[in-house]
Amino acid sequence: VSLHKLWWRIGSALLLILFLLWPAYAADTTVTETQFRELLKRMEPRSPGHALMKPIYDAEEKGDYAKVVELCNGLLAKPLAQFDTPQYGIAIKSFAYQHRGRAREQLGQGFRAAVEDAEAASALGNLQATQDVIKVLIDDLSGKASIGNGYVNSPEKLEHYVRFAAPLGDPFSEALLGLGKVDDGMSEDERTFWWLLALFSDHVLEKDKRLDLFHQALERVGASRVDAIIARYGLTKTLRDDATLGIPGRGPLPTMFIESDLRGTFQLLFGVIRDDNPSPNAPTLRENWLFWRYLIDDLGYGAAYLLLPGERDLGDSRIRSRSKDAIMATLTPGDRVFARCGALSHITTVYKREQNPPTIYFADAAYEFWQKGQNACISSFRLVDGGNNRLLSAVSADEVKSILEGVITIRDASPRGMPATSDPRPAGGPSKIRAM
Amino acid sequence: VRIDWKHPIVVLVAGSVVSALGFGGKKLYDYAIDRASDLRVAIEHPQQGVQLVGTTQPKLGDQPVFCDTAALTLLLERTQSGRLPITVDGISVSAEPVTDMAAVQTIDPACKVDPFGDRPYGIGKTNVYIITITKAGVSAQYIVGSSENAAWAVSKDNLLIGKGHVQSILLDNKDPLSRFTVFVSSRVPTPYRVFFSVTYDAYGARKKATQPILITGEQP
Numbered sequence: 002v003s004l005h006k007l008w009w010r011i012g013s014a015l016l017l018i019l020f021l022l023w024p025a026y027a028a029d030t031t032v033t034e035t036q037f038r039e040l041l042k043r044m045e046p047r048s049p050g051h052a053l054m055k056p057i058y059d060a061e062e063k064g065d066y067a068k069v070v071e072l073c074n075g076l077l078a079k080p081l082a083q084f085d086t087p088q089y090g091i092a093i094k095s096f097a098y099q100h101r102g103r104a105r106e107q108l109g110q111g112f113r114a115a116v117e118d119a120e121a122a123s124a125l126g127n128l129q130a131t132q133d134v135i136k137v138l139i140d141d142l143s144g145k146a147s148i149g150n151g152y153v154n155s156p157e158k159l160e161h162y163v164r165f166a167a168p169l170g171d172p173f174s175e176a177l178l179g180l181g182k183v184d185d186g187m188s189e190d191e192r193t194f195w196w197l198l199a200l201f202s203d204h205v206l207e208k209d210k211r212l213d214l215f216h217q218a219l220e221r222v223g224a225s226r227v228d229a230i231i232a233r234y235g236l237t238k239t240l241r242d243d244a245t246l247g248i249p250g251r252g253p254l255p256t257m258f259i260e261s262d263l264r265g266t267f268q269l270l271f272g273v274i275r276d277d278n279p280s281p282n283a284p285t286l287r288e289n290w291l292f293w294r295y296l297i298d299d300l301g302y303g304a305a306y307l308l309l310p311g312e313r314d315l316g317d318s319r320i321r322s323r324s325k326d327a328i329m330a331t332l333t334p335g336d337r338v339f340a341r342c343g344a345l346s347h348i349t350t351v352y353k354r355e356q357n358p359p360t361i362y363f364a365d366a367a368y369e370f371w372q373k374g375q376n377a378c379i380s381s382f383r384l385v386d387g388g389n390n391r392l393l394s395a396v397s398a399d400e401v402k403s404i405l406e407g408v409i410t411i412r413d414a415s416p417r418g419m420p421a422t423s424d425p426r427p428a429g430g431p432s433k434i435r436a437m
Numbered sequence: 003v004r005i006d007w008k009h010p011i012v013v014l015v016a017g018s019v020v021s022a023l024g025f026g027g028k029k030l031y032d033y034a035i036d037r038a039s040d041l042r043v044a045i046e047h048p049q050q051g052v053q054l055v056g057t058t059q060p061k062l063g064d065q066p067v068f069c070d071t072a073a074l075t076l077l078l079e080r081t082q083s084g085r086l087p088i089t090v091d092g093i094s095v096s097a098e099p100v101t102d103m104a105a106v107q108t109i110d111p112a113c114k115v116d117p118f119g120d121r122p123y124g125i126g127k128t129n130v131y132i133i134t135i136t137k138a139g140v141s142a143q144y145i146v147g148s149s150e151n152a153a154w155a156v157s158k159d160n161l162l163i164g165k166g167h168v169q170s171i172l173l174d175n176k177d178p179l180s181r182f183t184v185f186v187s188s189r190v191p192t193p194y195r196v197f198f199s200v201t202y203d204a205y206g207a208r209k210k211a212t213q214p215i216l217i218t219g220e221q222p
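Protein chains in written order, with this note's numbering: chain R, 2 to 437; chain U, 3 to 222.
Same shape as in the complex, but just chain R:
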């Protein structure tokens, strides 16, 4: 056997071994699309549905609209103290307004009755009702479909509802503001902000189209000005590279994605009701991490990084193990925080931070975790008004630090200012994380 053939055989054997081992190797740091979709299903919190609304749905199904109005009036008259929580009562009342309005229209009381009940639902914080009102007002103002019956419409009224819906992540309202269709004297910068946000809130928009429109806007306005615009009008801001943690900063693209995600998370705090028997099959921290890693890679907006307290070397370029102080210092709105007190473990999203006193505000649908009755590690928790009848969970930064287990943060794929490679995914070294 010639030396040339021997080298050829050794090379082929090595390639074969690599080929056979690759799926197991690759599975360490990634999930397949099927696994991702399965995780997505498991991540959805189980909701028992609104039992109080069931009789109304049943009456609607039977076409008994007089009964619907009667049942809705009953809910609207019920004192808030008699609901599970006052906030839940507010949400239920807003649903009752929506259903009563439709029933009144069916009973011949006119479209105006439906619109006015939707407005009442909107006043309680109901985004869906607000979206309905906006469409109706636009149709009425444009002469496409009149509300009639003496209803007084105006551009100012439309602006009021658009201004309510846009911050809650309604892509249509954001686009109306961004395109200057509802012009209440806002600056060019603010208009740019809403336009950029609309691109990420509109989930129907194709990914490539969204990226094209985003980059066009970025080129037109300039990256540094976009940084300033997000800092002024956003809940989030762009971030510099973090030398302590050794992770890239966050440019406008992942920042606007996080901005939209955070507003969507906040909006979902309205009328939240949790299942009394949460799924014991909920994804682990490892699975949450793999989910976010896959999602951000797939979207091409940047890269997800996992920050773990301690000094563990997991041999993964996307995981940093650092002191709790270093991780807490970098915690920023939009980050996913994992916390654990003994057997109770939790995932939540940072909404905002305050320095004096150091407090973290979470957009947290499962805020019960922080209640001192349930959680022996926490005594500072309080629910605070986040606006629009949605509550934020405020916890002292020190107590969060004491039970911190990990943070998932979304950043650029490479340090800011550095040229991105054709593949936005950073080269990941072999991971010591076990596959799911």
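Hints in this document: simulated from the structure, not taken from any laboratory.
Don't take every hint at face value.
Claimed, not checked - Sample of chain R residues at the chain U side, in silico, Cβ under 7 Å:
(1) 285
(2) 287
(3) 346
(4) 347
(5) 348
(6) 350
(7) 374
(8) 387
(9) 390
(10) 406
On a predicted model such as this, the values are computed, not experimentally measured, just so you know.
Glycine included, each C-beta is placed from N, C-alpha and C at the ideal position.
Given chain R, work out where chain U should sit, using these hints.
Chain U in isolation, oriented as in the chain R frame:
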């Protein structure tokens, strides 16, 4: 002296004596049976409550040590040997620092929790006791559900008593056992012996304790 066994008074006295003996015997029998009512108290299926780095359970000497959190069931079972129901009026939890073994041995491998194994899924209808050991002492909570009023602190000296909540447990032939789900967590990185003592009434006050488990908080 000759006794006339046919004399009516003798018959009456003899009958009375026999009756008294029978009555006394019955009482003695009842007392013995009632005294036999007793309680079995045990920790069932203690297991590691959170995932560890690695697969080896830490040990102190040859005894397993739970790391950070132990999940267990506390069993109270009427032994069924007597007739009287048993009233349990106190369950206390004790956590004593291990000084004897720890003076000469170290926990091996060290207690390290793997955060990747955390499963964050919220609080449901749980009905569990949570015992927490910190440097400041031992605290205990009872969680019924997720709403604000569905959990409260209970006394470590009596888990059945919390602010505004008092329970007592009656175990009889029909309902002879009670199980409690308990999580014991330690935030102190040195070993503790944890055991439960139960006070109950079974024809008089009695007390029994479980075997201890060993637990430590995560170690640096």
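Hint check:
no., hint, verdict
1, 285, "holds (5 Å)"
2, 287, "holds (4 Å)"
3, 346, "holds (4 Å)"
4, 347, "holds (5 Å)"
5, 348, "holds (4 Å)"
6, 350, "violated (12 Å)"
7, 374, "holds (3 Å)"
8, 387, "violated (18 Å)"
9, 390, "violated (18 Å)"
10, 406, "holds (4 Å)"
Of the numbered hints given earlier, the model fails hints 6, 8 and 9; all others are met.
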